[in-house]
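With the hints as extra help, turn the sequences into a complete structure.
In case you want the letters, here they are:
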Amino acid sequence: MEIKILTDVMVRNNAKGEDNRARLREAGVYCVNFTSSPGAGKTTLLTNLIPLVSGAVGVIEGDLYTARDAERLQGLGIPLVQINTEGGCHLNAMQISAAMEDVDLGALDYLFIENVGNLVCPSAFDLGEDIMTLVYSVTEGEDKPMKYSTMFEKADCVLINKCDLAEVCGIDLDALEQEVQTVNPRARIFRIVARDPDTLKPWAEWLHGKRG
Amino acid sequence: MHEAALAKSVMDILTESLDGDEVSRGKRVRRITFALGRPRTVVPDSFSFYFEMQAKDTRYEGAELQFQESETRGFFIDSVDVED
Chain A
1 MEIKILTDVM VRNNAKGEDN RARLREAGVY CVNFTSSPGA GKTTLLTNLI PLVSGAVGVI
61 EGDLYTARDA ERLQGLGIPL VQINTEGGCH LNAMQISAAM EDVDLGALDY LFIENVGNLV
121 CPSAFDLGED IMTLVYSVTE GEDKPMKYST MFEKADCVLI NKCDLAEVCG IDLDALEQEV
181 QTVNPRARIF RIVARDPDTL KPWAEWLHGK RG
Chain B
1 MHEAALAKSV MDILTESLDG DEVSRGKRVR RITFALGRPR TVVPDSFSFY FEMQAKDTRY
61 EGAELQFQES ETRGFFIDSV DVED
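Residue numbers (my numbering), protein chains in the order written: chain A, 1 to 212; chain B, 1 to 84.
One thing to keep in mind: the hints can contain errors.
Derived lysine to any residue pairs resembling SDA-like cross-links, with alpha carbons at most 20 Å apart [said to hold, decoys possible]: (1) A:K154 with B:R38; (2) A:K154 with B:R40; (3) A:K144 with A:E167; (4) A:K154 with B:V42; (5) A:K4 with B:F76; (6) A:K4 with B:I13; (7) A:K201 with A:G212; (8) A:K4 with B:E69.
I should point out that these hints are in silico values taken from the structure, not numbers from a laboratory. Note that the coordinates shown come from a computational prediction; the quantities given were computed from them, not determined experimentally.
If you want it as C-alpha cells, here you go:
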C-alpha cells in the first residue's frame, strides 16, 4: 500500500529554527551564526571582535569535544554555553533551543553562535539566526567557494581572514573576492586579520547597522 | 556524518505519520521514496548506510530506499510503501 508523505526531512529542524528566531526577536537579540572550516579563525575572531561590539553579547560554542573554545572566551566575562556534539558535524536548531534556556536573553543585544568547524553540513541547518557569517582563511586557497558552493551560497557575509598571509600563500585577494561574488552576489565581503582588532572595526560597524 | 541525524529524522517523521492513521499504524515499511533536489545536501549512499544501521530490529529494517531527482531544492520524503 503506497502512502504519500510529501514532507521535508528538515521539517523539524526548520520549525525549531523559526521558533528560535521568534524567541530571539521577541527578546530583541540579534543572532549571528559563525561558520567556517576548522582552524579558519572563528574563535580568535570572537575573542577580538566582542570587545568592539556595542552591546551585551552572549556566545553559544559548538564543538565535537572539549570546552577549549569556551575557555578561550571566558576572559571576556560574557554569558557562554558550550555544546559538545560528540561526533555531530554541525549544530542543529534543537541544540540551540536547549542552549538558549541557559542564557538570559533579556540581558543580551547579540547572540553569537560559533558552529562546528565544517565547510559543508552547517549550511543545511537553520539555527534561527539573523545572519550567517562565513569565516574563510586565505590559507584555504582561492578555489573553495566554487568547490563548497552550498556554504558560500547561504552566507550573508564572508570574512576573508588571515589576509596578512595572502602574499606568502600566493593568494590574489581580488580573485578570491570575485570567486565568492560569482557564487553569491549578495554576500558582503570583508578582509580581516582576526588577530588584529583594527581590521575588525568595519565589520563591527556593519553589524551594528544590520541590527539597527 | 549528518546523514546519520537525517536517517533518524526520517524514521521519526514516518513513525508519527504512519501511526497517526489506523490503516498504517504499526505496519512494516517496505519502501521509502525520497525526492532529492540539487545542489544535493545528502549523499544517498551515506544516508542509506546510516539508515540501514539504525533500522535494525525496527519496522524499517529491510526497507528499500529510492532516491528520485527533484527540481525542488531540498530533501523530501515523497512516499512510503507499507505491508498490506
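Take a quick look at whether K154 (chain A) and V42 (chain B) sit within 20 Å of each other, Cα to Cα. holds (16 Å)
Pair hint K4 (chain A) and I13 (chain B), alpha-carbon separation not exceeding 20 Å: OK: K4 (chain A) and I13 (chain B) at ~13 Å, within 20 Å.
Measure nothing beyond the straight line between the CA atoms of K4 (chain A) and F76 (chain B); if it is 20 Å or shorter, mark the hint as holding. Within the cut-off at roughly 11 Å; holds.
For a C-alpha distance cap of 20 Å, please report whether K154 (chain A) and R38 (chain B) respect it. holds (14 Å)
Taking only the CA atoms, is the gap from K144 (chain A) to E167 (chain A) under or equal to 20 Å? The given pair, whose Cα atoms are some 18 Å apart, holds under the 20 Å limit.
Distance restraint between K4 (chain A) and E69 (chain B), which requires alpha-carbon spacing of 20 Å or less: holds (17 Å)
Distance restraint between K201 (chain A) and G212 (chain A), which requires alpha-carbon spacing of 20 Å or less: Distance of about 17 Å is within 20 Å: holds.
20 Å Cα cutoff - pair K154 (chain A), R40 (chain B): holds (14 Å)
Violation of the numbered hints given earlier is absent; every hint is satisfied by the structure.
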